[in-house]
Amino acid sequence: MKLFGFRGGVHPQSNKFTTREKGIKTLPFPDKLYLPVQQHIGAPAAPVVEINDKVLKGQLLAHSQGAISAPIHAPTSGTIVDIDYYTAPHPSGLPVRTIVLKPDGNDTWQQSEGVVNPFKLTTDEIAARVGAAGIVGMGGATFPSAVKLGLGKDNPISTLIINGGECEPYLTCDDLLMQEYGDDVVDGIRIMVHALNAKRALIAIEDNKPGAIQTMTIATHLFSHIKVISVPSLYPMGSEKQMIQMLTGKEIPTGSRSADIGVVVHNVGTAYAVSNAIRKGKTLTSRIVTVGGGAVKNPQNFEVLIGTHVSELFKQCGGFIEEPARILMGGPMMGQILPGTDVPIVKGSSGVIALTKKEIALQKTMPCIRCGSCTDVCPCGLLPLEMANRSRKGDLTGAVDYGLMDCISCGSCAYVCPSHIPLVQYFNFAKGEIASRNIEKQHNDVTRELAEQRKNRLEAEAKAKEEAAAKRKALREAKLKEAEELKQSAKKETVT
Amino acid sequence: MLYSAIASLTLMGLTLGFFLGLAGRYLKVESNPIVDELESLMPGSQCGQCGFPGCRPAAEAIVEGAAPVTICPPGGRALIEQLAAKLAIDFDLDSIEDKDPAFAQVSEETCIGCTRCFKVCPTDAIMGGPKQIHQVFREACTGCEACIEVCPTECLHMDGVEITLGTWRWPKPALAA
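So the protein lines, in turn, are chains X and B.
The working numbering numbers the first residue of the first sequence as 1 and each following residue consecutively.
The working numbering numbers the first residue of the second sequence as 1001 and each following residue consecutively.
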């Protein structure tokens, strides 16, 4: 198939060899599992269990709230020991409402029923099952998958792209998932194609994963509408927009979604979870996580129960060779800095990376020399240097005019900058600031309307009072007049 | 030559003067349109935190240059930016210190249900009835502190907004050394 390519991109050292050949290991049951109610984009889930409740594996712990949300399930059987605020796996280190589960070690599944022939189900039925299983985008975006599976109802979807790009250095979780569970992934893809009513599915895998390409080609050879495509290894290949551009040559217009041009992208991990949810009726209780980075003694991949503390994973890898300078959740390019290791693995955690001081290579920021390297590598065709200048000055409108909202925060610009300017950090700051100001503006609009309503109400009240007073006065005068008239007529009568 | 010039200039002056007079009468503007525009941007709660009796006097002062665009605390940065854009002032948003937004909060132990606070609230952000504990709607509170002054039991206090995962933002990277 013809590949179209996308502009820019960088080639960071992939370092995938450290974990690729070691397979997927399992972990012993951790002492406790910490399950944040917010592991997805959208509204947080609402707990339905109480402390001391006994739960079975796969049982619902917190139900989804609203259209864009996802439920949380028990990753294993055990007892709920606490529902309180614990540190979130997030750079802010802020607390998040968390359900704490103490495993009983039996790992007893709750009764669940799969569907024998999922191709008889309608789109809504599949989306409902996927939603109820708590499946979110497993590549890290954590957008509720059920919502994305229903997109075919409004827009005709021609292509379902399965993202096996895994362009982030160190990460091999998708690679190993495809190699070890290729048939289940393909089954999930077939179900998703059916739900979306798509014509074809393309599994895009970077050419640095020959094992996965081979397994997937064999697994799909019976299905002519599913094709495995080997794409060049180039960061950020795994980004939705870039992946679509590479395979279809189409660019998503600013402010639109991929479904608007007839394409939906799902991660391979999501396909695997969908297969499990539909065929076996199993809710999302675990995921594959890469533990990597130069500071880890024996990096490898694990199938991890959601809610396991990051520290347990590092412990299983033999600890650290040297004190890590930075611990990340996700890949080293776009991953989130963790506040510590006592935070849980969540549904979107593709990896935990402990980097050495040498690897992060912090260097002093120098002034911009306008070399244009950032412009060359920007996969979105933006001018990072101009956007950064404006963001730094606080001129957010100017930054938006230069395309800030089209920036995918991939960090390629900061990666190549010879002056070590924290370009992508400026963009993240500016995007957050814009979001804050929008919220502030909305709040002001609401209060302005309320103030106006109050003013009108007070005026109406005053007017009503005045009218009532006038009415009373008129009534009183009329009565007086009547009395007067009565008096006069009485007088007249006495006179006559 | 001289007379024709005088005549034409006089004629021009008279016609233009006539039209100007007409325009002055029929296109008369009741008030300064810029003040109207600024007022429509402002919160409109007439809370008086700026030191002016209401939003309109504040807008007038800003237009006259007697008050800075940073005068309105409930408006925040978003309002400052809009005002500066409207007045074409090149304003460095970095130079202002953000006053952290705050909300009124009722202490349930000391509220006697006197109803005074919600009568003065400019945005109807307080709900309650006589002899019932009152409650503040955070979404509607502008943090103007009007209620605090009238409370006889000092049970109202201002609470800072707690930063949550949803409202946390990346800080600005440190400047180049």
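Treat the hints as calculated values from the structure; they're not laboratory data.
Just so it is clear, CB atoms sit at the ideal spot from N, CA and C, and this is done for glycine as well.
Do not take every clue at face value.
Far from chain B by the CB rule (all over 10 Å, computed), these chain X residues [to be verified]: (1) SER14; (2) GLU440; (3) ASN444; (4) GLN453.
Footprint (simulated), chain B over chain X, 3 or more residues, beta carbon under 8 Å [claimed, not checked]: (5) 212-221; (6) 421-430.
Hint numbers contradicted by this structure: Hint check: 2, 3, 4, 5 fail, others pass.
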